[in-house]
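Colleague: What follows is the residue order along each chain.
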Amino acid sequence: MTGTSRLRRSLGAATAALALAALAACGSDHPNSTFLHWTEFGRDIDFLWDRLLGWGTAVFVLVEAVLVYTIIRFRAKPDGPTPVQTHGNTTLEITWTIVPAVILVFIAVPTVRTVFKTQAKAPDSALQVEVIGHQWWWEFKYPQYGITTANELYLPVGRTVNFALKTKDVLHSFWIPNLGGKRDLISNRTNYLWFTPDSIGAAAMNGQCAEYCGDSHANMKFKVFTVAPADFESWAAHQKRPAVFGVAPAAPATPAVPVKSAARGAVAAAPAPADTAPPVGYAFPADQIKPFWWPKTPLPAGLAEIPDAVLAQGDAARGKDTYSRSACIGCHTITGNPMSMGVIGPNLTHFGSRHTLAAGLFPNDAKHLAMWIKNSRMMKPGVLMNTQGMNEMDPMMHQKVTTGGLTDAQVADVVAYLRALK
Amino acid sequence: MTTMAAPAPATLPTTGEYKTGIWSWLTTVDHKRIGILYLVTALFFFVWGGLEAAIIRAQLAGPNMGLVTAQQYNQLFTMHGTTMVFLVIMPLSSAFFNFLIPLQIGARDVAFPRLNAFSYWVFLAGGIVVTLPILFGMAPDGGWFGYAPLTTKAYSSGYNIDYWVLGLQILGVASLAAAFNFITTIINMRAPGMVLMRMPVFTWMSFVVQFLVILAFPVITAALVFLLFDRFFGTNFYTVAAGADPLLWQHLFWVFGHPEVYILILPAFGLVSEVLPTFSRKPLFGYPVIVYSGILIGALGFGVWAHHMFSVGMGPIADSVFSVTTMLIAIPTGVKILNWVSTMWGGQIRFTTSMMFAIALVAMFTVGGISGIMHSSAPADLQQTDSYFVVAHFHYVLVGGAVLGIMAGVYYYFPKLTGRMLDETLGKWHFWTFVIGTNLTFFPMHMSGLYGMPRRIYTYDAGQGWEMYNLLSSIGVIFQAIGMTIFFVNFIRSWKKGAIAGNNPWGAPTLEWAIPSPVPDYNFAHIPVVTSRYPLWDQKAGDLVKSEAETTTGGRLKTAAELGIPMPFPTILPLVAAVFMTAMLCGLLFIHAGNLPLALGIMITCGLGLAFTLIKWLTSPLE
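Line by line, the protein sequences give chains G and B. Per the numbering used here, the very first residue in the first sequence carries number 1; after that it's consecutive. Per the numbering used here, the very first residue in the second sequence carries number 423; after that it's consecutive.
Hints are computed from structural coordinates only; laboratory data are not their basis. Quantities reported herein were computed from a predicted structural model and do not represent experimental measurements. Beta carbons are placed, not taken as given, at the ideal position from N, Cα and C, and that holds for glycine. Please note that the accuracy of each hint is not assured.
Quick look at which bits of chain G chain B covers, simulated, 3 or more residues with Cβ under 8 Å [to be verified]: (1) 29 to 42; (2) 66 to 75; (3) 86 to 96; (4) 186 to 200; (5) 335 to 344; (6) 408 to 414.
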């Protein structure tokens, strides 16, 4: 029958297309994959996933094969007899009730085991990190080190990290796909999530908000670095101190090698004493970061760039003065600048040591930073930080900034100051 | 093979009394006409929600696109979800409930015809309240799930969420009124011999769904009342600054939201359970098992809600319990799938468009069911939830399941509805473009999700490994759009010009096929006596309904008066009551605007109007 052969051909074509898509998928790069085995948490999830995929594929193939066979074999024939009017078969019904139930046992048992294992209390030796979600950026605190930073997370390889997840406003969800599953940030609650990045060396990866949280939910990203323990200590020791001006970051203290550590939290080194640390601590070297990681967010149309020549004239000392007398200090803290003690926005103490800006939305270079200060609300929809550039249109207030606005030259100074905060 | 189809007459059978003016539609209490109103309205919203989806997919076709702003995108995805759930799939099911249930059980109308009209008008009013604001850029933007505290006034100070709260409340009234109506109808109005276990499976699944509605909708109503009070009267049910726990909303929402999924899917399961036997020329395999599975799915559906919340930190005991209960649902669902396949096994399968959609449902819902099991494993779900993998999953369930099942139903019942056939050639084109498009759109989303793409993002960066999947998804929408365009052309053209169908063009076995197409206003000239599940295969149609000589006169069908059948009077009162009720609730918007006297004025006036309308309604005779 022509209808059926057409059906068969189409099914064949669809299968071929899917197979091609699958092949293409294997060939391309997936930097945010959820299938990695970099933490015990990730391995536990992937163990379950393999079982789910295996059983799922088996059931899928079986059902679809029987279905396709049935519709081909039993297609109507001209003058075919009236089919036997069967109404059911108790043995079959019992069989296909019991068989799925048995399969589900093979899924349910490891599921429950993994639920209890991954939600057990984290080891006491774990690195504690407090994650506080804000519309639309991330605050990270390391209470054992007395550090507050934003949007870029440093984790020592081989040490269990225990995240305490909180939110200042609406719900968010903390997700680093490469390292394991997500956990929500719930108002008036603290959630916990822990894992050990034990099968990965120095690496830069992406994190992002996974719970819809309003206008810039898509732009609420963060950056994660797994680093050698000694580098982490160097970074942490420096982050704790007030900002240092204009010194190049130190080279990595140790080469980046994968640390395989079976025992969670075995590598729990004490923080180095601040007075013996080098003047500038470790920062993840930019040249070791893969291209996918760098934000490629386009600049908004209609926002005039500040010419490089003007930016080059920026002076950090002058910028500090401008910054300290502007609206900036109402929201931002820069330890070492007694005027700047605001706690609404991200802590900027070591802003110059960060690689990205605006919660992973732009690279932290002079051009993007200048435009951000000038008109952050055009750069990122809905942000709380209002437009600072003189005569700029604030897209949320629907009016031009006049009094208190910063000229391009002043912006260039502030850029120089902030970028100097290594 | 024995063909059951009766020869088609040359012209459409009619009683000569059919009124067509606008007024006749505004005042109708005929379940068939109300079914048509639901169908046409839902198809209109289908286009509306589809356009929203098309804009979403155009924006996501490539990285860092600027077709819409973040705020516009958030309104679009919120309205796409809200529209498709509340204004498309539910009312499409309602169209079939209205049109089919009385015909399948051998009744002349639903139990409460005027309440039925009221349900429709309230649904339409709610749909307008919730959809219209997008034209003014003020559409709801909190997601169809509306998680607090984002939807509270502290974080959404505009009117956007107000429209959503009011619209959903109004739609809830429509669903509840309809549910009580259909339960009463099915319990009380079955023809003699139509015992419960002889009811067609569509009526059975509808019966289950109405119970789900009356158990689930009060929960969302309470949740929305809290939110409404927070937003308009300053209460603190969800105000986190006053110590509220936002998980209150999530639990209430999903206690409603998960049964809602079965409210959306079970009617489609019912429709394919009608279509598969007819075109296999075999009774449904395992009828009692399919019926009990449907009941079990509905019941278990109330015990799995927190699997939407595995990432909120409920603790290992709750996560384990909800993982296991969720897995249990796979059993009755799988049983249904296998029974459908077994229905076809050994049959004489006719590949009509309707049958092809039904087969596609079996094939595609299986995919959605399997990915559902993947979510049921709580730790694994932590990588899947709120990623595109979930988007893939529920579109396989709701498009691959509900929409395909409804399409199978539309092609199957269009002849009964209009007396004319949908064109089969166009139907096949519709089928292939739509099914290929659906798979092309939604299958790659499994991949983008597992490769780390979160959902509800208005844009994504280049180089994340997501470009190809997103482009494929967007191309798929073009196929879906072509398919639906073909469908609408077919639908409109066939309504006026399609081949005349006759009583039973498919050789189908159930009661509704014994009477003329289109169905006369009184449905059955005399109430049939039912002796089996498949009366038209087991009895002669003439034994079921009066012979042609008794029901026709002078080349036309006899009118209700000629047959001595009392018919309910048409009335405008349900429409008036719906308008007053909607206007009364919308008066709340003026509280938001700060004009309390105006708000009170509108609410009191409309409240009095509603009360007088109801008194008039209750005191005027039905027939």
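Colleague: Against each hint, give a clear statement of whether it holds in the structure.
Modeller: Outcome of the hint check:
no., hint, verdict
1, 29 to 42, "holds (count 7)"
2, 66 to 75, "holds (count 6)"
3, 86 to 96, "holds (count 7)"
4, 186 to 200, "holds (count 6)"
5, 335 to 344, "violated (count 0)"
6, 408 to 414, "violated (count 0)"
Comparing the model with each earlier hint shows violations of hints 5, 6; every other hint is respected.
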